[in-house]
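The UniProt record's numbering puts the first residue of the sequence shown at 1, with every later residue one more than the last.
Just so you know, these hints were derived from the structure itself, not from any lab. Model, not experiment: these values are computed from the prediction. Note that CB positions come from ideal geometry on N, CA and C, so glycine has one too. Please note that a few of the clues may not be correct.
Restraint-style ranges between C-beta atoms, simulated for each label pair [as the list claims (entries may be wrong)]:
#1 Asp458 to Thr379: 30 to 38 Å
#2 Asp394 to Ile264: 57 to 65 Å
#3 Ser452 to Ala143: 42 to 50 Å
#4 Leu64 to Val252: 19 to 27 Å
#5 Ala143 to Gln121: 33 to 41 Å
#6 Gln158 to Leu238: 48 to 56 Å
#7 Arg62 to Gln121: 48 to 56 Å
#8 Glu11 to Glu273: 29 to 37 Å
#9 Lys154 to Phe20: 22 to 30 Å
For lysine to aspartate or glutamate, the following EDC-like pairs were computed, each having C-alpha atoms within a straight-line distance of at most 20 Å [what the hints assert, rightly or not]:
#10 Lys12 to Glu28
#11 Lys92 to Glu132
#12 Lys423 to Glu172
#13 Lys423 to Glu437
#14 Lys108 to Glu333
#15 Lys194 to Glu172
#16 Lys30 to Glu91
#17 Lys307 to Asp198
#18 Lys48 to Glu27
#19 Lys141 to Glu28
#20 Lys48 to Glu28
#21 Lys419 to Glu345
#22 Lys106 to Glu345
#23 Lys94 to Glu132
#24 Lys423 to Asp303
#25 Lys454 to Glu418
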Amino acid sequence: MKKNTIIEEFEKIQSALQQFEKGASVEEIKAALEITLELRTLQRRLSKLQANGIIVTSGKGRSLLYYLAKEPITLKDQKQESEKEPLPLSEKGKRIRHLVSQPIQKRKPVGYNLNFLKSYQPNVDSYLSAGERKILLEFGKTASLDQPAGTYAKEILQRLLIDLSWNSSRLEGNTYSLLDTQRLISQGHSADNKSAADAQMILNHKDAIEFIVQSSDEIGFNRYTITSLHALLSNNLLADPAASGRLRNFGVGITNSVYTPLSIPQQIEEFFEMMLTKAQQINDPFEKAFFIMVHLPYLQPFDDVNKRVSRLAMNIPLNNRNLAPLAFVDVPEEVYLQGILGVYELNQIELLKDVFIWAYERSALRYAALRQSLGEPDTFRMQYRDEIRKLISDIISGGLSRAEAIRRIEADSQVIPEKDRSKFIETIDTELLSLHEGNFARYFIRPSVFKSWKTAWDSE
């Protein structure tokens, strides 16, 4: 039986909805479809169509109805829009992105809004809708849900150390490649021609992730955990070593922003404790994670390294529930920072929420091995299929070491358009780290050649 493509499924859903001018429930849509879709798959497709503005909804729960938007976006429109946006954005997210992209002289200077945190009522207010939390839970479920807290993260620790250390550091402008990061974490080898600060940043991430995953039940949204995370992540990176793990006692500015955080130490202390108390009270792990993603960088409780602390702290409630981690896989630095600026300057969370939901889906797909079962091909890999195959084949058949492979990848990537270059390098790095005896055949390498290369590669 021929398997439906994602595009076909989207088109069939839109075609079915044309029959219902007054809206249709998910059950009615399923019955009207010309193809067979599992209910959960249909719900995911509907959520994607809604996020892209193709359909709208009304009502809640059993009264939820889906409608085609009055001016539905075509697949061609989607492609054109995707070329402009680095990831799917809501209309509010697009508006925020536009506002924070204005020249800094056109943006209104603002200070810390005390009421932004004060007014938030845990388990009454929610940044994530019930539907969004439900979708995130479906993506994040693992086989370890009923096991003791932290079981799943320990099972995938080695992969998580590399992915989260690299991606979080990359969002800070770190120049290490994924393979560079793997060599540094696994073997302690620093990359040639890269700064000591970049290496220190990655090693600090490694220590901080191990602290979250392997430590005791004392890990949570409490002062000990958050200050310890800061101490680990800022180790050997601050001008004042005593500032590691210590709340800020002076004013700071934010580069390329009109936002000025609190400067009075007593207020910083008060709102730091308030933030932690509210975070502890939130029941839903995803709302808890996103709450910290919003409020910890906004408060800027430490001299520096606040966003790094938030990215790792977000994983605490996910780890406690044995949900897939958030490793910021493929998250573009620009749109992430624009989402943060939306919080800083506008107290609007929608763009950062777009990033959070998209990023979690990407990370969960990687760790829960859902990508293959969903049958969604990577279009970037398809575009550079020949270049990827040739380069990996050459690395294996040439018996290149890790250091030699890094240099070869860097050299060969120069022929790739600049806008795709870093993604191309990441794709090659990821593929090399994922190769095993069951999947190397796609590179047309003889078993003996692969075995020889793999043995030498793993022994480095």
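Measure nothing beyond the straight line between the CA atoms of Lys108 and Glu333; if it is 20 Å or shorter, mark the hint as holding. Distance ~23 Å between Lys108 and Glu333 Cα, so the pair is violated.
Agreement of Lys30 and Glu91 with the hint, judged by alpha carbon distance not exceeding 20 Å: 27 Å, violated
Can you confirm whether the C-alpha distance between Lys423 and Asp303 stays at or below 20 Å? 32 Å, violated
Could you say whether the range 29 to 37 Å given as a hint is met by the Cβ separation of Glu11 and Glu273? Distance hint for Glu11, Glu273 is violated at roughly 52 Å.
Honestly, do Asp458 and Thr379 meet the 30 to 38 Å range at C-beta? 31 Å Cβ-Cβ, so the 30 to 38 Å window holds.
Is 48 to 56 Å right for how far apart the beta carbons of Arg62 and Gln121 are? 27 Å, violated
Does the structure keep Lys48 and Glu27 at a Cα separation of 20 Å or less? Given pair Lys48, Glu27 holds - Cα atoms ~17 Å apart, limit 20 Å.
Compare the distance between the alpha carbons of Lys454 and Glu418 with 20 Å, and conclude whether the hinted pair is satisfied. 31 Å, violated
Does the Cβ distance between Leu64 and Val252 fall inside 19 to 27 Å? About 45 Å separates the Cβ atoms of Leu64 and Val252, which means 19 to 27 Å is violated.
Given the proposed pairing of Lys106 with Glu345, does the C-alpha separation stay at or below 20 Å? 12 Å, holds
Quickly compare the C-alpha distance for Lys194 and Glu172 to 20 Å and report which way the hint goes. Given that 20 Å is the threshold and the Cα spacing comes to 15 Å, the pair holds.
Do Ser452 and Ala143 keep their Cβ atoms within the hinted range of 42 to 50 Å? 35 Å, violated
Comparing the model with each earlier hint shows violations of hints 3, 4, 6, 7, 8, 9, 13, 14, 16, 19, 21, 24 and 25; every other hint is respected.
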